[in-house]
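Visitor: Using the sequences and the hints given, assemble the complete structure.
Take a look at the letters that make up each chain.
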Amino acid sequence: MSVDPASESAALPEREVPANLCWRCGKPVAAAEVQCPLCRAPLARQAEPTGPGAQAAGGAGAPLKDLRRVLVAMGIMLLVSLVGGLAVRNAGSAGGGWGRPTVDEALPPVVVLEAIDTLVVLWALWRIRVRPALPRKGLWSRLLAWPAFVPVLLALLAFNYGYHWLLREAGHFDLIEPPWLAAPGTAAAWFVALCVQPAIVEELFFRYLAIGVLRGVTGVHAAVMISAVMFGMAHLGVPLSIPVLIVLGVGLGYARIASGGLALPMAMHFAHNAAVLGLTTLCST
Amino acid sequence: MANGISNLGSLAQSARQKQLKVARYILLFVGILTVLVNVAQFAMIESQVDDLINKEVQGLHQRGMVEDQATVAKVRAQSVRFSQIIAGVAVALGVVFVVFGLVVNRFPVPITITSLVLYVGAAAVFGLIAPATLLQGIIVKVIIVIALAKSIQAAIAYEREKAAAPTAAMPA
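Quick note, the sequences are listed as chains Z and G, same order.
Here the first sequence is numbered in the working numbering, starting from 1 and rising by one per residue.
Here the second sequence is numbered in the working numbering, starting from 1001 and rising by one per residue.
Please keep in mind that the hints were generated in silico from the structure rather than gathered at the bench.
Mixed in with the good hints, there may be bad ones.
Pairs of lysine to any residue residues, derived as SDA-like cross-links and limited to a Cα-Cα distance of at most 25 Å, are as follows [as the list claims (entries may be wrong)]: (1) G/Lys1074 - Z/Leu240; (2) G/Lys1141 - Z/Gly75; (3) G/Lys1021 - Z/Arg68; (4) G/Lys1074 - G/Ile1045; (5) G/Lys1074 - Z/Leu86; (6) G/Lys1074 - Z/Tyr161; (7) Z/Lys65 - G/Ser1014; (8) G/Lys1150 - Z/Gly75; (9) G/Lys1018 - G/Phe1107; (10) Z/Lys65 - G/Ala1163; (11) G/Lys1162 - Z/Leu86; (12) Z/Lys65 - G/Lys1074.
Small disclaimer: the values here were computed from a predicted structure and weren't measured.
Guide: Here it is, written out as structure tokens:
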């Protein structure tokens, strides 16, 4: 087990590591600062740290290497979703249908797919070390983010329902079917597969790893947008829902930024998926 | 000596700019091609769906089964609408690539990363909808992915050097 050089530098007091020079006043500024303490110039998009702190943090090539790992993990997840989706469809057409599997046929491939996705994310967590690129939030800011994001979640749910209602009206097809209505025996398994696993694993990958790594090469807003596009594209199985999922990804990304942690986006993701399935079940019954 | 280093730096920057120009041409090419192909596809959707449904119905007949006309009509209508929406989304995606090609020099890092994710993701989505498209033009697809990946690398180095330049010129 190798010693992490960044953890050694993290042990030093923050002010004693003048890693950057302010682009406006030219005075030394600690790497963690997002604003120059002297002239108040915003430092969020400043160049890579150039001092000894930067060397300790892994050098200029480290963010690129981590970005490559995130993109490789994303590619593997896409490939797994593609193979899994084709397997689910084959399971459906094998039964003489129109390529639409029954709930019992769909559950095993979905469980295998999510297990592989979880392994990929665990590999990425093991291989990628996210630097503390996001500004630290105070306790009050973190606490206030929770009630502030309740209306955001409601707006995202309303947008989701409005979008799918429009699609249903335009296309005359059902997009979401509550699976446990067809097979109540598998309700618990579907609940874990659709609400619990995505809220944990997807948030760890898209909101923690992706935003953390992207923040090392671009600004906060761009990192949120790119991670949202990645999140949307990862849902291959529901191609028509990708635009609404990208918008959901933006909301969850900003929840991560505003709260400074993963608990809020995880709770929002879980609540969103549970609400969609609960409301769809209610409407169907 | 310092002048020599700065000349080397500007040479490296111009090489990165060249790579970004390649990314720009690729994005414009992919975008325009996606728009054209999907506009043409949109016009042929009904006949393609009819062909597929006829094949399915013939398969049922061969197994000694008889199709339900109402179900066939419903499936046909749904398939046509689904394909039209997918083709519409693909046209929108093509427009996004064209816009990305136009602004890649302004926001090199976010645009190149998003383009790569969108390109690979879209190939996977269309591969799931129509598996035959996965292997169509696979060599060109691989070349595009490699070029976009190289562009990300060039964009990051370009942005970093651009951001570092004014700091170096500042009096300490």
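Visitor: The structure should be examined with respect to each hint, and the outcome stated for every one.
Guide: Outcome of the hint check:
1. A distance of roughly 19 Å separates the Cα atoms of lysine 1074 of chain G and leucine 240 of chain Z; the hinted pair therefore holds under the 25 Å criterion.
2. Under the criterion of a C-alpha separation no larger than 25 Å, the hint pairing lysine 1141 of chain G with glycine 75 of chain Z is consistent with the structure, at around 14 Å.
3. Between lysine 1021 of chain G and arginine 68 of chain Z, the direct Cα distance comes to roughly 22 Å. Compliance with the 25 Å bound is thereby established for this hinted pair.
4. Among the hinted pairs, lysine 1074 of chain G with isoleucine 1045 of chain G is consistent with the structure: their alpha-carbon atoms are about 16 Å apart, no more than 25 Å.
5. Among the hinted pairs, lysine 1074 of chain G with leucine 86 of chain Z is consistent with the structure: their alpha-carbon atoms are about 23 Å apart, no more than 25 Å.
6. Using a Cα cut-off of 25 Å, the hinted pair lysine 1074 of chain G and tyrosine 161 of chain Z holds, with the two alpha carbons roughly 24 Å apart.
7. A hinted pair counts as satisfied when its Cα atoms are at most 25 Å apart, and lysine 65 of chain Z with serine 1014 of chain G qualifies at roughly 23 Å.
8. Annotation: proposed proximity of lysine 1150 of chain G to glycine 75 of chain Z holds, straight-line Cα distance about 16 Å (limit 25 Å).
9. Of the supplied pair hints, the one linking lysine 1018 of chain G and phenylalanine 1107 of chain G holds, its CA atoms being roughly 15 Å apart against a limit of 25 Å.
10. Distance hint between lysine 65 of chain Z and alanine 1163 of chain G is fulfilled; the C-alpha atoms sit about 20 Å from each other, no more than 25 Å.
11. Distance restraint check for lysine 1162 of chain G and leucine 86 of chain Z: the Cα-Cα separation of roughly 45 Å exceeds the 25 Å cut-off, and the hinted pair is therefore not satisfied.
12. A C-alpha spacing of about 50 Å is found between lysine 65 of chain Z and lysine 1074 of chain G, which places the hinted pair above 25 Å, so the restraint is violated.
Hint compliance for this structure: hints 11 and 12 are broken, all remaining hints hold.
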